[in-house]
Amino acid sequence: MNRRSRLHLPRTPARPGQRPDFSYVALSPAGAVPRPEVNARARDIEPLSVELVRVLDDAALAVGPWNPHLDPEELQVGLRHMMLTRLYDDRMQRMQRSGKISFYIRSLGEEAVSVAQCMALRPGDMLFPGYRNQGLQIARGIALVDLMCQVLSNTRDMCKGRQLPVMYHSRPGNLFSISGNLATQFPQAVGWAMAAAIKGEDHLAASWIGEGSSAEADFHHALLFASVYQAPVILNIVNNQWAISTFQGYAGGEQRSFAARGPGYGVPGIRVDGNDFLAVYSVTQWAAQRARTGGGPTLIELVTYRAAAHSTSDDPSRYRAKDDYEHWPLGDPIDRLKRHLIALGEWSEERHQALVAELEALVISSWQEAVTYGTLTDGPKLDADLMFEDVFKAMPKHLERQRALMRAEREMPWPP
Amino acid sequence: MAAMNMVQALNSAMDIMLGRDPAVVLMGEDIGYFGGVFRATEGLQRKYGEHRVLDTPIAEGGIVATAIGMGVNGLRPVAEIQFADYIYPGFDQIVSELARIRFRSAGEFHAPITIRTPCGGGIRGGQTHSQSPEGIFTHVSGVKVVMPSNPFDAKGLLITSIEDDDPVVFFEPKRLYNGPFDGDPHKPAVPWSTHPKGQVEEGYYTVPLGAAEIVRPGSQLTIITYGTMVHVALAAAEAMKVDAEIIDVRSLVPLDVDTLCTSVKKTGRCIVAHEATRFSGFGAELLAVVQEECFWELEAPIQRVAGWDTPYPHAFEWEYFPGQRRVALAIRAVLESA
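Residue numbers (the working numbering), protein chains in the order written: chain G, 1 to 416; chain F, 1001 to 1338.
Warning: the hint list may mix true and false statements.
[Unchecked claim] Think about it this way: if two alpha-carbon atoms lie no more than 27 Å apart in a straight line, the pair counts; the simulated DSS-like pairs of lysine-lysine are: (1) G:Lys381 with F:Lys1187; (2) G:Lys322 with G:Lys160; (3) F:Lys1266 with G:Lys100; (4) G:Lys100 with G:Lys381; (5) F:Lys1241 with F:Lys1266; (6) G:Lys397 with G:Lys160; (7) G:Lys160 with G:Lys100; (8) G:Lys322 with F:Lys1047; (9) F:Lys1241 with F:Lys1265.
What the hints contain is simulated information worked out from the structure, not anything from laboratory work.
Work out the full structure: start from the sequences and follow the hints.
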């Protein structure tokens, strides 16, 4: 027997040319995981952090105690938001490829996370999204034109040209400015929630990070402060299995579920099927009720799959099996909700195709409007003076001087 | 000699050092199987094994801290921080720990670590993929700071940095990875194969730290710069038809004061230029040193060329970037004071 210490290296299940292997994903049958009362003690519900909350079964029917019993109309709204998110992503991806925008990040395969969670919260709840949560923007009702103008850095860009594409924000929508740096906003959400508690308000905060970025120290700051102050916050780890090329084992997922980090801090952890719209909605609703009734924070791990590349700068065929997603055991979130609605008799293939056509038309007309405000290459341009504004509330003298220098520089004939 | 771009030259340096010294290990996000988001470590895990080229969690503080522990225990880690913009979670470990271990333990402990990190703009990376934070690290006593401007220097400086028993933060101007860039985004990209410094020795060689290089001798004025701005300054001087002496600092800490000041004493006119923001930037140190050493030989106030003091804006990249016009205005200013 080898008695020496050794360096363990997480094993990536399938690299290019290998057979996809998801045997490592621990599954629970739909309906099998009990639903505790929202005021249950964290220590009494630890199994929730390693089991997998699922509602939709193989026949696309909703089963078990976590069934949120949503009206068909609400399910149809959820389906619509998810489909719109995907069609928007498809269009932006193509526009990046044609040089109209500089960069894009799709959320393909993860739409249920943002859409179902947003729908389970209230408009007054503050959201601290990551860069793959465009479904939050769409479910909160931000107009596609506004999202597109940000992505285009054009004259109607909410960020005034200062941010990379997809780093949206909306003050009226209670969607905090996306940073682009990883995990930084997780503990900020806790602080926002602490402020809500200090002020005696009924709002909660929610934030999202990937399993990869849960490695950052900010993740632990969030859990610790949330636990100490029992802040009304929902902390979500979107476990889409990949941090660019690095498999979730390198973020610590090999030894224990990500949700299981919650109980270590005395915070309930719930592991949920992230591609099951009903299950995602239900656990979020549970966590929200708990937070609003003084029960404090919840850590939710949403098990899903990053079906697309990390970003338009990435090529996953270099590091993972090409047909991985086809073997993903939790399926596709849109397809699953669609089949559920059809099983309920509340949807049909014809209605689905009609909705696709309607949403595609909306995406196209929104794009046509957005580009009238300019693109990276054509049309009206933002005034470069804007870069000197909002560095501070009032512009200091040295920036005024630099703005003048920039103007002089731009007027200089070149070559001299 | 072989034609290499900067990425290939860096890869060659790490390849050679992994081969020469069993204590050398590489670590960083996506650097192993994938070979790094900029391909700098491509093929090295395959060649040297998973125990020598480690994929790490996304935790820059953890990367720097564990590299320190490995360094204290006899290894010679080369850590990659994927973008310099992401180095800040590791900042405390660099400033409070890495930089001071030798000092506080009276030389009994040290951590010979190289931290490689791509920096700089010009790639439409917005505020989170474009920063040049080198000046922040030069302000920390106990770390060396290096920034090459071409493949030949990149390889030689990286080998020297890895062999150095002191910690080195090694900044790689990512806009220069594939070719020299003179600041004009509208010109077609030029590959390194057309540049003399794109010819790189295939074997082991070093470029010393603390030695600046005169990349263009001249008599009218001195431009002290480093990184991408070396190429911008060369192009601007040519466009302005001035006989500028252009110096590539290469090693910010330690700094080759003699080469800089010998030049300024000769020309009597000086511009310092970098891509980083101006206020408290490394240019302020360069300017102060030149002023202290060359005051009586100066014919004009020293000019500074730098990025504006704002976060790096996505849409206004070329209005922000200190391009040839900004250098030209500084050239005009130092010459007009005659």
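The hints, checked one at a time:
1. G:Lys381 with F:Lys1187: The given pair, whose Cα atoms are some 21 Å apart, holds under the 27 Å limit.
2. G:Lys322 with G:Lys160: Roughly 38 Å separates the two Cα atoms, so the pair is violated.
3. F:Lys1266 with G:Lys100: Distance ~50 Å between F:Lys1266 and G:Lys100 Cα, so the pair is violated.
4. G:Lys100 with G:Lys381: 13 Å, holds
5. F:Lys1241 with F:Lys1266: 19 Å, holds
6. G:Lys397 with G:Lys160: Roughly 22 Å between the alpha carbons, so the hint for G:Lys397 and G:Lys160 holds.
7. G:Lys160 with G:Lys100: 17 Å, holds
8. G:Lys322 with F:Lys1047: 24 Å, holds
9. F:Lys1241 with F:Lys1265: 21 Å, holds
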